[in-house]
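2 protein chains.
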Amino acid sequence: MSGLAGPYRKVYVLRIGHRPQRDKRVTTHVALVARAFGANGFVLAGSCSDSVERSLRRVLECWGGEMHYECGVPAKAYVRSWRESGGEVIHLTMYGVPVERVIDEIRASPRPKLVVVGAEKVEWFFYENADYNVAVTSEPHSEIAALAVFLDRLYRGRELLYNPSRPGKRVVPSARGKRVTGGVEC
Amino acid sequence: MSGLAGPYRKVYVLRIGHRPQRDKRVTTHVALVARAFGANGFVLAGSCSDSVERSLRRVLECWGGEMHYECGVPAKAYVRSWRESGGEVIHLTMYGVPVERVIDEIRASPRPKLVVVGAEKVEWFFYENADYNVAVTSEPHSEIAALAVFLDRLYRGRELLYNPSRPGKRVVPSARGKRVTGGVEC
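Line by line, the protein sequences give chains A and B. My numbering puts the first residue of the first sequence at -2, with every later residue one more than the last. My numbering puts the first residue of the second sequence at -2, with every later residue one more than the last.
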């Protein structure tokens, strides 16, 4: 999945508000969506999670891809430092501006992008310190879905195109079946 | 969110493979994505879940929308009966045909659509009895993300448009803030 980042040096996803036991499966989905939809970094704020890290590393090993991974970072300091080093911060929230209204502007900017994905309660700091507060529908649903649709719009659906030449284990699409080729068997 | 179903009588989401304790949060996300992205039914196969139902009903009550809800149904019988009554079955799986190759055909058909969303292991029956096995990327990630992107493609992004006239509590999009209007305060 490398290469999608395109003109940007980096598209990282910062997961905030992770509650260790309760959120481990949801946070794992966030990490796997980050990879599959073309981000090149996943950063878990606050505590680390063995379970999330194990799942992400297993997928990277089996299915390929390069991805920066970090955990236990202080979220606010990370956001501040991202902006200070010239990057922009996009906070996904149902209260924000509809994605269709801002995605062209975000796509056009060559600045490294930090996509901030919260859990239920998000501190005011993130609304105030985001360059963009972006809504993927203005309805309550799922940060996993919001991240997928945001990245899909950012890359104009390129991540959905099947790439038969990517290295490693990969699916051979089929109308009725499970076909896999290449890479190690995991 | 009513009205999106368009020319189809029904777009229902059937969640299979739900494991009661382990999956309750992921299944709740599936249900909320079904609602927010325009499906008009959510069916939980196997056991019921108080937690999933409570979350879905609370969102429907606070944020509006009409949605058929059922749980505890036998999944295979449900799929068979959907097809026998003239509907079509779309199974989301990373092993299927890329969504971009089949979405126009699926959209063009006026048949009621049952979108089947599995958990980790899906029985062969669902591959064989689906009209379409559809992949949202051919990479492992999240059934929540797959459902959101599939419905987004089905409705050509119409569910992302902000609808200021929908009844009930709703968000007023803003660049920096949380503004809500109408409906009951929940």
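If you're looking for bench data, these hints aren't it; they were derived computationally from the structure. Take these hints with a grain of salt, some might be off.
The list treats identical chains as one, so a pair stands whether inside a single copy or across any two.
Here are the simulated BS3-like pairs of lysine-lysine, each with C-alpha atoms no more than 30 Å apart in a straight line [unchecked claim]:
hint, residue 1, residue 2
1, Lys73, Lys175
2, Lys166, Lys7
3, Lys73, Lys7
4, Lys7, Lys118
5, Lys21, Lys118
6, Lys7, Lys175
7, Lys118, Lys166
All figures in this text were calculated on a predicted structure; none of them were measured in a lab.
Verification of the supplied hints:
Taking identical chains as interchangeable, the C-alpha atoms of Lys73 and Lys175 lie at most 30 Å apart only when they sit on different chains, with a minimum of 20 Å there against 43 Å within one chain. Taking CA atoms no more than 30 Å apart as the test, Lys166 paired with Lys7 passes inside one copy only; the shortest distance there is 25 Å, against 37 Å between copies. Proximity of Lys73 to Lys7 under the C-alpha cut-off of 30 Å is restricted to the intra-copy arrangement: shortest distance 19 Å within a copy versus 44 Å between copies. In this homomeric assembly, Lys7 and Lys118 come within 30 Å of each other (Cα to Cα) only inside a single copy, at 27 Å, whereas the closest approach across copies is 34 Å.
Taking the shortest Cα distances, Lys21 and Lys118 sit within 30 Å of each other both inside one copy (16 Å) and across copies (19 Å). Only between protomers do Lys7 and Lys175 lie at most 30 Å apart by alpha-carbon distance; the minimum there is 29 Å, versus 33 Å within a single protomer. Only between protomers do Lys118 and Lys166 lie at most 30 Å apart by alpha-carbon distance; the minimum there is 19 Å, versus 38 Å within a single protomer.
Hint compliance for this structure: no hint is broken.
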